[in-house]
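A.B. asks: Chain residues, written in single-letter form:
Protein chains: 2
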Amino acid sequence: MSVSRKQLSEKSSIGVFDSGVGGLTVVREIMRQIPNESIIYFGDTARVPYGNKSKETVTRFSRQIVRFLCSHDVKAIVVACNTASACALDELEQEFDIPLIGVVKPGTKAAVEATRNGRIGVIGTEATIQSGIYSRYIRELRKDAAVYGKACPLFVPLVEEGLWQDPVTDEIARRYLAELIDCGIDTLILGCTHYPLIRSTVGRMMGEDVALVNPAYETALELKRLLEEEGLLNHEARTLGSIGHQFYVSDGAEKFKQFANAIIKYGILSAKVVNIEEY
Amino acid sequence: MSVSRKQLSEKSSIGVFDSGVGGLTVVREIMRQIPNESIIYFGDTARVPYGNKSKETVTRFSRQIVRFLCSHDVKAIVVACNTASACALDELEQEFDIPLIGVVKPGTKAAVEATRNGRIGVIGTEATIQSGIYSRYIRELRKDAAVYGKACPLFVPLVEEGLWQDPVTDEIARRYLAELIDCGIDTLILGCTHYPLIRSTVGRMMGEDVALVNPAYETALELKRLLEEEGLLNHEARTLGSIGHQFYVSDGAEKFKQFANAIIKYGILSAKVVNIEEY
Numbered sequence: 000m001s002v003s004r005k006q007l008s009e010k011s012s013i014g015v016f017d018s019g020v021g022g023l024t025v026v027r028e029i030m031r032q033i034p035n036e037s038i039i040y041f042g043d044t045a046r047v048p049y050g051n052k053s054k055e056t057v058t059r060f061s062r063q064i065v066r067f068l069c070s071h072d073v074k075a076i077v078v079a080c081n082t083a084s085a086c087a088l089d090e091l092e093q094e095f096d097i098p099l100i101g102v103v104k105p106g107t108k109a110a111v112e113a114t115r116n117g118r119i120g121v122i123g124t125e126a127t128i129q130s131g132i133y134s135r136y137i138r139e140l141r142k143d144a145a146v147y148g149k150a151c152p153l154f155v156p157l158v159e160e161g162l163w164q165d166p167v168t169d170e171i172a173r174r175y176l177a178e179l180i181d182c183g184i185d186t187l188i189l190g191c192t193h194y195p196l197i198r199s200t201v202g203r204m205m206g207e208d209v210a211l212v213n214p215a216y217e218t219a220l221e222l223k224r225l226l227e228e229e230g231l232l233n234h235e236a237r238t239l240g241s242i243g244h245q246f247y248v249s250d251g252a253e254k255f256k257q258f259a260n261a262i263i264k265y266g267i268l269s270a271k272v273v274n275i276e277e278y
Numbered sequence: 000m001s002v003s004r005k006q007l008s009e010k011s012s013i014g015v016f017d018s019g020v021g022g023l024t025v026v027r028e029i030m031r032q033i034p035n036e037s038i039i040y041f042g043d044t045a046r047v048p049y050g051n052k053s054k055e056t057v058t059r060f061s062r063q064i065v066r067f068l069c070s071h072d073v074k075a076i077v078v079a080c081n082t083a084s085a086c087a088l089d090e091l092e093q094e095f096d097i098p099l100i101g102v103v104k105p106g107t108k109a110a111v112e113a114t115r116n117g118r119i120g121v122i123g124t125e126a127t128i129q130s131g132i133y134s135r136y137i138r139e140l141r142k143d144a145a146v147y148g149k150a151c152p153l154f155v156p157l158v159e160e161g162l163w164q165d166p167v168t169d170e171i172a173r174r175y176l177a178e179l180i181d182c183g184i185d186t187l188i189l190g191c192t193h194y195p196l197i198r199s200t201v202g203r204m205m206g207e208d209v210a211l212v213n214p215a216y217e218t219a220l221e222l223k224r225l226l227e228e229e230g231l232l233n234h235e236a237r238t239l240g241s242i243g244h245q246f247y248v249s250d251g252a253e254k255f256k257q258f259a260n261a262i263i264k265y266g267i268l269s270a271k272v273v274n275i276e277e278y
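Residue numbers (numbering that gives the first Met the number 0), protein chains in the order written: chain G, 0 to 278; chain U, 0 to 278.
By construction, these hints were calculated from the structure, which means they are not laboratory data. Virtual Cβ for every residue (Gly too), placed ideally from N, Cα, C. Accuracy of the hints is not assured; some may be wrong.
Restricting the straight-line Cα-Cα distance to at most 27 Å, the calculated cross-link-like pairs of lysine-lysine (BS3-like) are [to be verified]:
| id | chain 1 | residue 1 | chain 2 | residue 2 |
| --- | --- | --- | --- | --- |
| 1 | U | K256 | U | K271 |
| 2 | G | K149 | G | K108 |
| 3 | G | K271 | U | K54 |
| 4 | U | K256 | G | K149 |
Only part of the chain U face toward chain G is listed, based on derived beta-carbon distances under 7 Å [claimed, not checked]:
| id | residue |
| --- | --- |
| 5 | A45 |
| 6 | R46 |
| 7 | K52 |
| 8 | S53 |
| 9 | T56 |
| 10 | P152 |
| 11 | L153 |
| 12 | P156 |
| 13 | E160 |
| 14 | E170 |
| 15 | D250 |
| 16 | E276 |
All chains, full assembly: derive it from the sequences and hints.
C.D. replies: Structure (structure tokens):
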């Protein structure tokens, strides 16, 4: 299945997907930077998390979601999940004829701009860190950069349990981040969409001399640039109520709604459940 | 799809499934109690965990797995996952004509036998506790029992990260178990197949006057009883090497193998990946 670019219109929506709720931190940035755009969000809450699963499985799941989003009127798709961006984006770009934007490339760009000493840390899921993709993209931009990756598998469940400010999260952060501190990094990429929610904990551990990079900001900027280039930016002035964002999940619509409303200010009134395995 | 009981033979295998690796604690008990039986295990590692997902989704996933196991030569299926036993077993029993054994009923039986003061605690996933099924089954056996359920969502990721003996696991256990201690229970059901792996932590928190019930033991006993009743017990004397257990997962065969070999002594040489969504 593929969507021809000829069909794309500025009135169309932006598709955004994630393994669950984390991608809403990216949605939040998109809403801030290009508030006229309608968003169709899909969170794969039935199969979350992706971060400890294989490249093949993450790619298969992501492909189904892109097919689902393409069955709606979308003009671009944001892969708002670091794991899916790291594992699946290259393959999806070859398969689908629609602009796809991941969070990895924008994140590396921001990190290379921020670093002074060329020592950059990346925290993410097991799959993201193992892919080595952050390191590869960073070295494309700055050959002499030293990149240190560290998988932090307990951060996602801790965030999802709401322990955003908690001594247990402090202790786990201390363990995960110790070796990055020892490496003398001056920039740290928050390479998982859940991590901005524990930004203050991570920042406290790393100290104020280390710049924290949230790829969500740069991703929204990149999306805006791309839409401008392709003449697809929506210039229609719209009120919040008339935009009609849509939220879909593969499980637990009610729980999603509660979590989502804690992250974005939009006021999500409903989320629909989709059987994503059928796509 | 259904399998007629007429086809069942004592030479057939026992199907066992779980959302991931936790069900291997049940496999370990089956191997101990009825070592002549061949086991076909399926772990849904692509969609793990089940514990925070809805009844509908857990039932759909479980149905696919039972279909997969029925495509092999199995004479009974053990639902070695508390969440699937709590959410899906009733429906699966109506759909499939093969003996199905969950872990909930055997667990409640053991708890009712163990308690002296009739105050029983249950720890499990959100879905298991919300289902209220332990409480229902316990009261069928002992009307005046008081049952206290507590969801412990962080135990599974902590176990999977290998923090079986760790101050962080102690701290989380302290928080989860405090209210159960206050309720004056004398028996606690470990209502998730991951929990036997942190039995010593839970035992230390609860104190030695509280009996810990691991449903795996009673489930294996129940399976043995059922096979005897139906004349399906395998009486052939077999050596470990000739039994030929089979292990299937939906993702990450290599990682599964490592974890599995830490739980059971059998020495798993290979695990095969299956696309379970096709069943």
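A.B. asks: Name the hints, by number, that the structure is in violation of.
C.D. replies: When the structure is compared with the hints, none of them turns out to be violated.
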